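Reconstruct the complex from the two isolated chains, following the hints.
Below, each chain spelled out in residue letters.
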Amino acid sequence: NAGVTQTPKFQVLKTGQSMTLQCAQDMNHEYMSWYRQDPGMGLRLIHYSVGAGITDQGEVPNGYNVSRSTTEDFPLRLLSAAPSQTSVYFCASSPLDRIERGSYNEQFFGPGTRLTVL
Amino acid sequence: AQTVTQSQPEMSVQEAETVTLSCTYDTSESDYYLFWYKQPPSRQMILVIRQEAYKQQNATENRFSVNFQKAAKSFSLKISDSQLGDAAMYFCALEGNYQLIWGAGTKLIIKP
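Quick note, the sequences are listed as chains A and B, same order. For the first sequence, our numbering begins at 1 and goes up steadily by one. For the second sequence, our numbering begins at 119 and goes up steadily by one.
Hints may be right or wrong, so weigh each one.
A few chain B residues facing chain A, derived, Cβ under 10 Å [stated by the list, open to error]:
| # | residue |
| --- | --- |
| 1 | V122 |
| 2 | F153 |
| 3 | Y155 |
| 4 | Q157 |
| 5 | Q162 |
| 6 | I164 |
| 7 | F209 |
| 8 | C210 |
| 9 | A211 |
| 10 | W220 |
| 11 | G223 |
Computed footprint of chain B on chain A, listed as stretches where at least three residues anywhere in the stretch have a Cβ under 8 Å from a Cβ of chain B [unchecked claim]:
| # | stretch |
| --- | --- |
| 12 | 38–44 |
| 13 | 47–61 |
Keep in mind that the hints were calculated from the coordinates and are not lab data. Only a predicted model underlies this, so the values are computations on that prediction, with no experimental measurement involved. Positions of the beta carbon are idealized from the N, C-alpha and C atoms, including for glycine.
If we strip away everything but chain B, and leave its shape as in the complex, we get (with noise of 0.2 Å):
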């Protein structure tokens, strides 16, 4: 069975510094993608970075960056320059064979 681990209920970050969100996985599939998903009050899921599995390089999107271990199961999100904006539920999120597999978030606050 595929499972994703998001180990930190609550993040909190002040404004413009980093914080690093943490994504642990199993899975059995070679061939499979990681995402990153946003969640604001408005509760509209938001894609922020995806990696494919087969990729080595480690994904970037703006001040968004992953840190993609694939023998350790690990994706980690690095958020840079922390904004208000930011602040949300985020989500890690597995997909193979046609199934999306969920942690279960780490809410970020943002500390102006």
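Isolated chain A, as found in the complex (with noise of 0.2 Å):
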């Protein structure tokens, strides 16, 4: 197993361009998720995803998007990139399975991607 993949590692965007940042996971995760991390800060969900074809919003959405087209992959879309997107993104998965008291959702991160936005 892979675990989960992110791809590039680091990136250098210039103000106004777009990019995708790739994620993807090998172990049949429902969930998915991005957070970006800043310096002094935890991480911050930026959007999540259920199962194929459901996403939502979590709390600092404005400037991304995502979809969810299969179970193993989640890109995030930047579609004009500005400076205060500069940060550290991490993608993680999760098994959704919560119905059984004592099972807990521990979720498996990616290596990170870290975006400068000049």
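Next comes the structure, spelled out in structure tokens:
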């Protein structure tokens, strides 16, 4: 198992450019999410998905789009990059089964993408 | 709204000593989970320990244990016999309603 993979590891953009951060997992997890991590702050949830075709907004969704066409992939799109989007981005996935007491959703994280917007 | 607060930006401890990292949270959910994650310089997020809110017994994983006070909404992490490899950022996180809410983190420094 490769776990959660993210590409690219580093990216520099100019203001106004668009790009897609890729995220893939091979654990058949229903739940996937995107976070951003800024200095002095914890991770903040951007968007999440509980299954193919289903996405929802997190704490800081503005400026980002997502889609979930397959269970494995959950790309994050920046349509018009801004310097405020300079951050480290993490993708995570987890099983969604919380039906039984005692199950918990450990989230498995990708290695992160460091994005700089000039 | 759910919130997580880590009031200690940085903590230091002598190698082999014990250190406690603090975390308080707020939620209106009755069923939730709490986590401590470790982030070394490699940036990889590593789960250290987790606690189910409905369990009164404090979770323990080897040298790591928590003090979970549900009424006070407090969830501290105790690291015993600190090792150089424990040096990292530690994040407290609250899960509820399919969202993980994170604290700002505590940088743990281990003095040899």
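Hint by hint, here is what the structure shows:
{"no.": "1", "hint": "V122", "result": "7 Å, holds"}
{"no.": "2", "hint": "F153", "result": "8 Å, holds"}
{"no.": "3", "hint": "Y155", "result": "8 Å, holds"}
{"no.": "4", "hint": "Q157", "result": "9 Å, holds"}
{"no.": "5", "hint": "Q162", "result": "6 Å, holds"}
{"no.": "6", "hint": "I164", "result": "8 Å, holds"}
{"no.": "7", "hint": "F209", "result": "6 Å, holds"}
{"no.": "8", "hint": "C210", "result": "8 Å, holds"}
{"no.": "9", "hint": "A211", "result": "8 Å, holds"}
{"no.": "10", "hint": "W220", "result": "3 Å, holds"}
{"no.": "11", "hint": "G223", "result": "6 Å, holds"}
{"no.": "12", "hint": "38–44", "result": "holds (count 5)"}
{"no.": "13", "hint": "47–61", "result": "holds (count 5)"}
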